[in-house]
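Protein chains in written order, with numbering that gives the first Met the number 0: chain B, 0 to 508; chain D, 0 to 117.
Everything labelled a hint here was simulated from the structure, so no lab data went into it. All residues carry an ideal CB built from backbone N, CA and C; glycine is no exception. Treat the hints with care, since some could be wrong.
Stated by the list, open to error - Some chain B residues close to chain D (C-beta under 10 angstroms, calculated; not the full set): (1) S26; (2) G27; (3) L28; (4) G30; (5) Q61; (6) I62; (7) A490; (8) R492.
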Amino acid sequence: MSLAKANGVVISGVDAHIVEVEAHLSSGLPGMSIVGLADTAVGEARDRVRAAVLNSGARWPQIRITVGLSPASLHKRGSGLDLAIASAILAADGQIPCEPLADAILFGELGLDGRVRPVRGAVVAAVAAVRSGLDRIVVAEQNVAEAGVVPGVSAVGVRSLRHWGQVLTGAAVDEVPDPVPEVPVTADPEAGAEPDLADVLGQAEAVTALEVAAVGGHHVAMVGRPGVGKTLLAERLPTILPDLTDDDALSVTAIRSVVTDVAGLVRRPPFQAPHHTATVAALVGGGRGGQPTPGAVTLSHAGVLFLDEAAEFGSACLESLRQPLESGEVCIARAGFTARMPARFQLVLAANPCPCGLGDGAGQECRCRSVDRRRYRTRLSGPLMDRVDIRITLGPPGRSTWSLECGDVDSATVRAQVSDARARATRRCRVLGLSPALNGAQPSSSLRGPLAPGPDAADVLGRAISEGRLSARGADRAIRVAWSLADLSGADRPDLEHVGRALTLRGEL
Amino acid sequence: MRDRQQLGQAGEDAAARHLVRQGMAVIARNWRCRYGELDIIARDGSVLVFCEVKTRRGTGFGVPLSAITPRKVARIRQLAALWLVETGGHRGPVRLDAVGLLERPDGHFDIEHVRGVS
Numbered sequence: 000m001s002l003a004k005a006n007g008v009v010i011s012g013v014d015a016h017i018v019e020v021e022a023h024l025s026s027g028l029p030g031m032s033i034v035g036l037a038d039t040a041v042g043e044a045r046d047r048v049r050a051a052v053l054n055s056g057a058r059w060p061q062i063r064i065t066v067g068l069s070p071a072s073l074h075k076r077g078s079g080l081d082l083a084i085a086s087a088i089l090a091a092d093g094q095i096p097c098e099p100l101a102d103a104i105l106f107g108e109l110g111l112d113g114r115v116r117p118v119r120g121a122v123v124a125a126v127a128a129v130r131s132g133l134d135r136i137v138v139a140e141q142n143v144a145e146a147g148v149v150p151g152v153s154a155v156g157v158r159s160l161r162h163w164g165q166v167l168t169g170a171a172v173d174e175v176p177d178p179v180p181e182v183p184v185t186a187d188p189e190a191g192a193e194p195d196l197a198d199v200l201g202q203a204e205a206v207t208a209l210e211v212a213a214v215g216g217h218h219v220a221m222v223g224r225p226g227v228g229k230t231l232l233a234e235r236l237p238t239i240l241p242d243l244t245d246d247d248a249l250s251v252t253a254i255r256s257v258v259t260d261v262a263g264l265v266r267r268p269p270f271q272a273p274h275h276t277a278t279v280a281a282l283v284g285g286g287r288g289g290q291p292t293p294g295a296v297t298l299s300h301a302g303v304l305f306l307d308e309a310a311e312f313g314s315a316c317l318e319s320l321r322q323p324l325e326s327g328e329v330c331i332a333r334a335g336f337t338a339r340m341p342a343r344f345q346l347v348l349a350a351n352p353c354p355c356g357l358g359d360g361a362g363q364e365c366r367c368r369s370v371d372r373r374r375y376r377t378r379l380s381g382p383l384m385d386r387v388d389i390r391i392t393l394g395p396p397g398r399s400t401w402s403l404e405c406g407d408v409d410s411a412t413v414r415a416q417v418s419d420a421r422a423r424a425t426r427r428c429r430v431l432g433l434s435p436a437l438n439g440a441q442p443s444s445s446l447r448g449p450l451a452p453g454p455d456a457a458d459v460l461g462r463a464i465s466e467g468r469l470s471a472r473g474a475d476r477a478i479r480v481a482w483s484l485a486d487l488s489g490a491d492r493p494d495l496e497h498v499g500r501a502l503t504l505r506g507e508l
Numbered sequence: 000m001r002d003r004q005q006l007g008q009a010g011e012d013a014a015a016r017h018l019v020r021q022g023m024a025v026i027a028r029n030w031r032c033r034y035g036e037l038d039i040i041a042r043d044g045s046v047l048v049f050c051e052v053k054t055r056r057g058t059g060f061g062v063p064l065s066a067i068t069p070r071k072v073a074r075i076r077q078l079a080a081l082w083l084v085e086t087g088g089h090r091g092p093v094r095l096d097a098v099g100l101l102e103r104p105d106g107h108f109d110i111e112h113v114r115g116v117s
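The whole structure should be built from the sequences, with the hints applied where relevant.
Rendered as structure tokens:
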């Protein structure tokens with residue numbers, strides 16, 4: 000008899016798909032059926048939507064209701080389609096107008112009392128809306144701030160189905176708002192007591208290495224006995240990284256909105272430190288029931304992934320990092336789906352020199368058997384370490400540098416220097432017509448062409464290669480680090496000194 | 000109890016009259032077997048119609064037709080098959096109908112007739 004449409008959205012991993020929700024009212028026995036590959040939560044919408052409509056003072060059509068979700072081949076999951084289903088039914092019944100539903104995406108769960116509840120992933124939903132040319136997203140009031148961070152889409156917050164109906168028909172909104180319990184928004188982890196580089200005592204070389212790493216986005220490995228400050232340093236790398244660009248901020252916010260509550264646009268680079276017992280699925284992402292779940296590599300997209308006690312990670316875990324390190328994204332394939340998720344992170348590895356941790360040749364004697372030491376070392380070699388540009392060995396802080404005073408460099412100062420150096424690199428890429436990548440991500444072809452180092456530096460590298468002391472790939476890595484050093488010191492092109500220091504920084508462990 | 004049976008009986012009578020008004024011929028009523036009961040069996044042209052009737056006094060528990068659930072429809076379908084086997088002879092299309100009756104205070108019924116439920 001009558002048909003109406005609304006646009007809903009389902010979240011899949013860190014991506015969202017627009018779902019067209021159609022409601023058809025026809026003569027027949029009263030009842031409602033939902034077709035189109037709906038999971039349990041969507042199937043339960045039948046009962047939720049009916050109760051919500053009745054408790055909103057609207058009429059529930061006492062005829063046959065068929066709700067179709069298309070594309071029918073896509074798995075529909077979660078409760079975020081409730082609002083769209085209810086709106087399509089009410090529009091088909093003529094209780095709310097159809098036209099305003101055409102250019103909006105509806106994303107919210109309904110309570111039995113008609114309240115619109117917030118759903119995870121509002122940012123992703125808003126991004127999907129923009130992509131499909133819809134300029135309005137209707138969400139629960141608690142989700143408005145989240146959905147509003149996406150440019151090009153206006154977020155409308157509604158308290159309840161009744162409120163939404165009043166917004167649609169332009170009727171006066173109820174004076175007394177329906178009671179909405181305050182959902183505590185979790186504080187931004189970046190707020191509060193932020194770690195600072197000033198907390199680090201001594202280890203000036205390591206701090207400099209970290210700064211270079213921050214400039215070029217180089218992956219870092221740190222080796223040192225327990226307590227020298229590996230973890231302390233790694234946790235402070237995000238504090239000296241510049242704020243995220245607009246694009247990165249949006250994708251980081253979108254990723255975070257899928258797994259937790261987000262208060263607004265996330266501007267600071269994320270930091271993930273999975274425990275060394277993490278599974279492959281926890282690290283690169285996995286999924287059950289046709290639904291991809293982002294892993295640590297995706298959660299640290301545009302930020303830092305820190306593997307403490309890296310040699311204790313399972314070898315399958317470490318190997319699984321190779322694809323995201325290479326391509327900047329991770330591809331998860333399961334029986335029901337294949338999902339691509341962004342995973343361009345800066346890797347920081349920390350490890351002890353040997354299982355007992357004392358094998359750095361200083362102070363107390365190492366108690367490990369040589370076979371254990373060798374096995375421990377081999378975990379951290381091979382293809383993964385090939386991608387690590389900066390490898391530093393941390394010794395115990397010297398007596399002169401160790402004191403109870405704070406360090407003399409703080410994160411804010413270093414961050415400013417890093418930002419300047421990055422700006423220089425970006426400008427250079429623009430002048431040379433290269434794609435704007437960080438130094439650590441420059442392709443080898445550029446390193447031989449427009450980004451070749453000065454002649455005397457190239458000479459040193461060439462000699463080292465011909466004498467077999469340096470591999471061609473090792474030379475590429477040294478040049479990348481040398482560019483970061485040059486950017487930091489304000490030089491136009493890496494000279495002999497920069498290349499020399501770069502070779503030291505990428506020293507064998 | 001008496002009262003409820005009387006209401007149901009009155010409703011079924013009204014439903015049968017309604018079907019006749021629609022040009023259908025009632026063949027049998029309240030056909031029982033060990034698995035259940037068919038309320039009305041009628042003929043609509045060449046189509047054999049099995050009709051389930053539900054009568055209610057109010058809509059506090061939903062409209063009358065909402066009591067005819069998919070499960071109930073499935074049972075009527077089975078009973079219809081049994082009836083066809085037992086009586087034999089019908090060659091032609093078969094349809095399941097549902098009639099919901101809501102008793103008004105004046106004793107008359109609001110009738111809702113759905114043809115071809117599934």
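Quiz prompt | Numbered hints the structure breaks, given as an ascending list | solution = 7 and 8
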